[in-house]
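There are 2 protein chains.
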Amino acid sequence: MLQNIRVVLVNTSHPGNIGGAARAMKNMGLSRLVLVEPRLFPHHEADARASGADDILAGAQVVATLEDALVGCNLVLGTSARDRRIPWPLLDPRECGTKVIEEAEQGSEIALVFGREDSGLTNEELQRCHFHVHIPSDPTFSSLNLAAAVQVLSYEVRMAWLAAEGQPSKVEKTEVGSPRSETLATMDELERYFEHLEQTLVDIEFLDPDKPRHLMARLRRLYGRSSVSRAEMNILRGILTETQKAARGELIKRKK
Amino acid sequence: MLQNIRVVLVNTSHPGNIGGAARAMKNMGLSRLVLVEPRLFPHHEADARASGADDILAGAQVVATLEDALVGCNLVLGTSARDRRIPWPLLDPRECGTKVIEEAEQGSEIALVFGREDSGLTNEELQRCHFHVHIPSDPTFSSLNLAAAVQVLSYEVRMAWLAAEGQPSKVEKTEVGSPRSETLATMDELERYFEHLEQTLVDIEFLDPDKPRHLMARLRRLYGRSSVSRAEMNILRGILTETQKAARGELIKRKK
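Note that the protein sequences, when read in sequence, are chains A and B. Remember, my numbering sits 34 above the position in the first sequence when you count from 1. Remember, my numbering sits 34 above the position in the second sequence when you count from 1.
It should be emphasised that the hints constitute simulated quantities derived from the structure, not laboratory data. In this text, all values refer to a predicted model and were calculated from it rather than measured experimentally. Check before you lean on any hint, since a few could be wrong.
Since the list can't tell identical chains apart, any single copy or any two copies may satisfy a pair.
What the hints assert, rightly or not - Within a straight-line C-alpha distance of at most 20 Å, the following computed EDC-like cross-link-like pairs (lysine to aspartate or glutamate) qualify:
| hint | residue 1 | residue 2 |
| --- | --- | --- |
| 1 | Lys287 | Glu79 |
| 2 | Lys279 | Glu101 |
| 3 | Lys287 | Glu158 |
| 4 | Lys287 | Asp237 |
| 5 | Lys245 | Glu158 |
| 6 | Lys245 | Glu232 |
| 7 | Lys279 | Glu232 |
| 8 | Lys279 | Glu239 |
| 9 | Lys279 | Asp242 |
| 10 | Lys245 | Glu229 |
| 11 | Lys287 | Glu223 |
| 12 | Lys279 | Glu137 |
| 13 | Lys287 | Asp242 |
| 14 | Lys279 | Asp237 |
| 15 | Lys287 | Asp102 |
| 16 | Lys279 | Asp102 |
| 17 | Lys245 | Glu71 |
| 18 | Lys245 | Glu151 |
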């Protein structure tokens, strides 16, 4: 189940942190590391800090964009240090661990995304996440070392996993979520939906491309937190296609 | 209450780990660091890894023996990587956090003791502890970096402290669901939305009123579980209104 979980590090500056993250992951039983444009990798400092987690580094996937890192993911959680203007569904690390294991048990692919050492994730990157995770640090000194942040979340994932493994017969799933019998839409399916939605909103002149305001961010947040299943996604896409036909006047022509 | 808690590092070899531990402590609101015979301290690598937690390093107490480090303590917890021959009261990190805060609330002085990077605490040192704490790492790769171990226990102390203080562990309380700063749509607003949605789907000929199948039930389930806020509802209603205009051919007429 833990192999469904990937740790994604975006634009890491210090290779030592990549090594430290790899060690923290392996300590907690995680194995899949994805690096989005690391500044220096491979690097001897990464090897030194990995301190035996060489296999994680050797197997790390290096990709060019966050989108590439998230291909196939059903659930994406991004670490966020600060309050943002647009509020987003927010989990603490413990809730994050529980959520990750609940979804992994259903066969979902999950990404835990960590930003740059100095500036974290951009707003655009954060909007690609279904949930934000905030590690409750002291507000006067709030920025954790990157490997330390990976350690805390990996630890909570392991604690939740151990709890799940120790409960052979759970009574029932009570969480308000998506229908469990249905496969969740993947990140890239969701992404294509957002593109389709945006284009449709332009077509019906609800969205002005020159003054987008926060409209797409708000809609991403709404659908992102809803654990949309693939079957539901097909319905939503179907609605958009028919809406676009309407915007082109095809319905009117058909009636004539 | 957190100032009753000291972190004790025994015979640390790598000064970078002292700096990393100081940063982890300060992130979690702890401030008292005691070093038992560190190999190198002060040291520029400690300063570099502390990354702003200089005050913790400057205030660190350097002592010759573990006994010196524990003067005045009522409760001592020692990290233990392995099963030992002598069984001892054992806590996981979460239980450790709870125990520490319970005792700190009573005014106790508490020490969290961490051993050497390569060999941990000796049996004699472990026998000076009231409790052992084991971080539940993967048995095949169980040894955490020293600063990472300090991070995990400091984090659990902070989580327990926040719970005791009645403070949320998150910046803003958001349940898994909608942004809590926004008012949720009421049931009747949601009902009017579903009516509007149904009519619109008929208008764009996506829904055949004679063969509705389970379409509306599926869409009710999707939006029903999403805790839609009033602001989001207004956006969704706005989209429907524009879609209906498109279906009536008004966009086409406007363009002519």
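*So which hints don't hold here, by number, going up?*
1, 2, 3, 11, 12, 15, 16, 17 and 18
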